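Peer 1: Can you build the whole structure from these sequences, using the hints too?
Respectively, the protein sequence lines represent chains A and B.
Take 40 as the starting number for the first sequence in our numbering and just add one per residue.
Take 40 as the starting number for the second sequence in our numbering and just add one per residue.
No wet-lab data here; the hints were simulated from the structure.
Just to be clear, a hint being listed does not mean it is correct.
[To be verified] Simulated coverage check for chain B against chain A, where a stretch passes if three residues somewhere in it have a Cβ under 8 Å from a Cβ of chain A:
| no. | segment |
| --- | --- |
| 1 | 103-116 |
| 2 | 314-325 |
| 3 | 346-352 |
[Unchecked claim] DMTMM-like mimics (lysine to aspartate or glutamate), calculated; alpha carbons at most 20 Å apart, straight line:
| no. | chain 1 | residue 1 | chain 2 | residue 2 |
| --- | --- | --- | --- | --- |
| 4 | B | Lys116 | A | Glu126 |
| 5 | A | Lys116 | B | Glu126 |
| 6 | B | Lys224 | B | Glu305 |
| 7 | B | Lys116 | A | Glu129 |
| 8 | B | Lys167 | A | Glu305 |
The structure presented is a predicted model; accordingly, all values stated were derived computationally and were not measured.
We treat Cβ as the ideally placed atom computed from N, Cα and C, and that holds for glycine.
There are 2 protein chains.
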Amino acid sequence: MPTQPQTPTFRQIEYFVAIASRCSYRRAAEELGVSQPALTTQIRSLEALLGLSLFERSRSGTLLTPEGRELLEQARKMLLAMREFRESAETISQGLQTTYKLGVPPTLGPYLLPRVLPALHAQHHRLKLYVREGTPRNLLRGLSEGSYDIAIVPLPVDREDLSVEPLFTEPLKFVIPADHRLAGKKTVSPSQLRGEKVLTLEGQHHFHHQVQEICQDLGADLQRDYEGTSLDTLRQMVVMGLGVAFLPGLYVHSEMHNPEALHVSEIKSKPIRRQHGLVWRASAPSRRLYRELAAQIREIVSERLGDVVEVNQGIT
Amino acid sequence: MPTQPQTPTFRQIEYFVAIASRCSYRRAAEELGVSQPALTTQIRSLEALLGLSLFERSRSGTLLTPEGRELLEQARKMLLAMREFRESAETISQGLQTTYKLGVPPTLGPYLLPRVLPALHAQHHRLKLYVREGTPRNLLRGLSEGSYDIAIVPLPVDREDLSVEPLFTEPLKFVIPADHRLAGKKTVSPSQLRGEKVLTLEGQHHFHHQVQEICQDLGADLQRDYEGTSLDTLRQMVVMGLGVAFLPGLYVHSEMHNPEALHVSEIKSKPIRRQHGLVWRASAPSRRLYRELAAQIREIVSERLGDVVEVNQGIT
DNA sequence: ATCTTTGATAATTAATGGTTATCAGCGAAT
DNA sequence: ATTCGCTGATAACCATTAATTATCAAAGAT
Numbered sequence: 040m041p042t043q044p045q046t047p048t049f050r051q052i053e054y055f056v057a058i059a060s061r062c063s064y065r066r067a068a069e070e071l072g073v074s075q076p077a078l079t080t081q082i083r084s085l086e087a088l089l090g091l092s093l094f095e096r097s098r099s100g101t102l103l104t105p106e107g108r109e110l111l112e113q114a115r116k117m118l119l120a121m122r123e124f125r126e127s128a129e130t131i132s133q134g135l136q137t138t139y140k141l142g143v144p145p146t147l148g149p150y151l152l153p154r155v156l157p158a159l160h161a162q163h164h165r166l167k168l169y170v171r172e173g174t175p176r177n178l179l180r181g182l183s184e185g186s187y188d189i190a191i192v193p194l195p196v197d198r199e200d201l202s203v204e205p206l207f208t209e210p211l212k213f214v215i216p217a218d219h220r221l222a223g224k225k226t227v228s229p230s231q232l233r234g235e236k237v238l239t240l241e242g243q244h245h246f247h248h249q250v251q252e253i254c255q256d257l258g259a260d261l262q263r264d265y266e267g268t269s270l271d272t273l274r275q276m277v278v279m280g281l282g283v284a285f286l287p288g289l290y291v292h293s294e295m296h297n298p299e300a301l302h303v304s305e306i307k308s309k310p311i312r313r314q315h316g317l318v319w320r321a322s323a324p325s326r327r328l329y330r331e332l333a334a335q336i337r338e339i340v341s342e343r344l345g346d347v348v349e350v351n352q353g354i355t
Numbered sequence: 040m041p042t043q044p045q046t047p048t049f050r051q052i053e054y055f056v057a058i059a060s061r062c063s064y065r066r067a068a069e070e071l072g073v074s075q076p077a078l079t080t081q082i083r084s085l086e087a088l089l090g091l092s093l094f095e096r097s098r099s100g101t102l103l104t105p106e107g108r109e110l111l112e113q114a115r116k117m118l119l120a121m122r123e124f125r126e127s128a129e130t131i132s133q134g135l136q137t138t139y140k141l142g143v144p145p146t147l148g149p150y151l152l153p154r155v156l157p158a159l160h161a162q163h164h165r166l167k168l169y170v171r172e173g174t175p176r177n178l179l180r181g182l183s184e185g186s187y188d189i190a191i192v193p194l195p196v197d198r199e200d201l202s203v204e205p206l207f208t209e210p211l212k213f214v215i216p217a218d219h220r221l222a223g224k225k226t227v228s229p230s231q232l233r234g235e236k237v238l239t240l241e242g243q244h245h246f247h248h249q250v251q252e253i254c255q256d257l258g259a260d261l262q263r264d265y266e267g268t269s270l271d272t273l274r275q276m277v278v279m280g281l282g283v284a285f286l287p288g289l290y291v292h293s294e295m296h297n298p299e300a301l302h303v304s305e306i307k308s309k310p311i312r313r314q315h316g317l318v319w320r321a322s323a324p325s326r327r328l329y330r331e332l333a334a335q336i337r338e339i340v341s342e343r344l345g346d347v348v349e350v351n352q353g354i355t
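Peer 2: Laid out in structure tokens, this is it:
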């Protein structure tokens, strides 16, 4: 004797509705593709479970009882709910039709996504991306914890539990005030940087460390007293003459249409740049979709931003 | 290999939601009172059926996939629908909480039910009666066909497939115009009726035949040229002097408060009356409730109309 | 009367869902 | 580095459930 309140089987509900709408066990059985005794036993046990009679059987047809009539409505709702469930599953299983939680660094997202998302949406109008910004460090942690499904982060990422698909390589531009002694030069050699105060973001940002490395390479000095909280503040600081800075190419491309008080140069040496990749948990069942997504992002970027960044090869 | 589009088991949905809301197979298993492998296999087959992954399993906990996250909502709706179904069944199985289709003759319903239904409703506030009028003949046919669940009809009813519970016996009153030669007499003997034109309803009404029999007994003449379509028209016809009539006691009681132009007498002989009973299909699973209902109707009638009709004993 | 149709029943088999015992991978604590 | 405790997956087995076919009895139609 089960102590728990038993719940009906979905199949029983199905049979119930089928019989009720045909007013016949046999016809319902035929329609359902099962034998008639199957219905008899299922309905009997359902009735026993509910503690009431659903049908009034007679040798001449089957009739709903008042109780059955009442429950039929509810039962139909169940069928409907199940149908909707299955339909959702159907469309979702087609791929790229769901909401994915995407993480991006604040030094990339606002300058990349507005160029990419519309095209992506056009291709998969059921695909939704729930975008959240975070530093690469937090993004990777969030990935592991499941608060993100995918993320765009600077490469390299060397973690066994994560899969990476490279997207594109973005140059970093050297930015100086318009009244700076180096302003006007198209290229600047590393030796000319000696003694320059290079501004950068706060230490928690990955971008900070990147610039730090670059400065070590080039022999420039990091200005650690004033650190920007965003690329925009960084740019303002340069304009105010607090120093020079390296800014991501996509930022320069999207935010600095009119040069105003700033001058943008190249560094004459090995190229200064950062690489972005799409990452996800290696165990993610949707990994095939993510690869597809990466490919499409590359395609879109190559089409719309090909002159700003260099698109990478996908891992094949 | 099943060619039909398989549908998930309700149990699978249940397990799915349980695991998703606990983020753990083992905890969900514990809560559900089953072993953990049971969940593993059920979810696996559900995933196979849907063609997508619901969970991302790892050795350190379980995570919903984006697809699973999407479906979880739908799955919860299913649980809800099932819960509502079961709750409905629960209350309905308590008895007298549903809508029953009740048939009454037009010569009784309007004069009986307004006195009975309110009290009935007070006792069972979930009970609903869907009342439809029809001649007894049609009521009995409708019962067999299932368009009524129960009906109040004149007795006797002699049908094997129907169960009858007697309710009460109602006297028929002799009604004459105020200016009639017999007006003013409290009782009238059958011999005084000789030659009187007795008005009645149209032939399709059971009441017609009843009056016909009475007239044969008493030696009175039926006026067949003008027949009323309702008790009200019948009364009007008597007022207009077209003849005399027999009217049901309940009608007289509820519609003729001020005697106006009509006089009501008794017939001095064997009592003239009709008996009403509650009938239902003998095969109806709710028959116990119907008996209960009959008992309650008797009780209410005895309380409120005991001076007008004579309440019968129930079949015990 | 006879035949068809209704749902119920019985006996049997197939499938399903559950169990216990055990495993392998990971993380945390030693 | 190793151990321990946790995760879900797996295997082998068993109980229950749900289907099958064959048959029945009752009611209606012919």
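Peer 1: For every hint, state whether the structure bears it out.
Peer 2: Now the hints, each set against the structure:
Here the segment 103-116 of chain B counts 10 residues with a CB under 8 Å from a CB of chain A, which clears the bar of 3, and the coverage holds. Coverage of a stretch by a chain is defined here by at least three residues with a beta carbon nearer than 8 Å to that chain's beta carbons; for the segment 314-325 of chain B and chain A the count is 5, and the condition holds. Counting residues of the segment 346-352 of chain B whose CB falls under 8 Å from any CB of chain A gives 0; the rule of at least 3 is not met. Taking the CA atoms of B/Lys116 and A/Glu126, the gap is near 14 Å; set against the 20 Å cutoff, the hint holds.
Restraint check for A/Lys116 and B/Glu126: satisfied, since their Cα atoms lie roughly 14 Å apart, inside the 20 Å limit. This hinted pair checks out: B/Lys224 and B/Glu305 have alpha carbons roughly 9 Å apart, not beyond 20 Å. Taken as a hint, the B/Lys116 and A/Glu129 pair is honoured in the structure, with Cα atoms around 17 Å apart against an allowance of 20 Å. With a C-alpha separation of about 85 Å, the suggested pairing of B/Lys167 with A/Glu305 is violated against the 20 Å cut-off.
Hint check: violations occur at hints 3 and 8; the rest are consistent with the structure.
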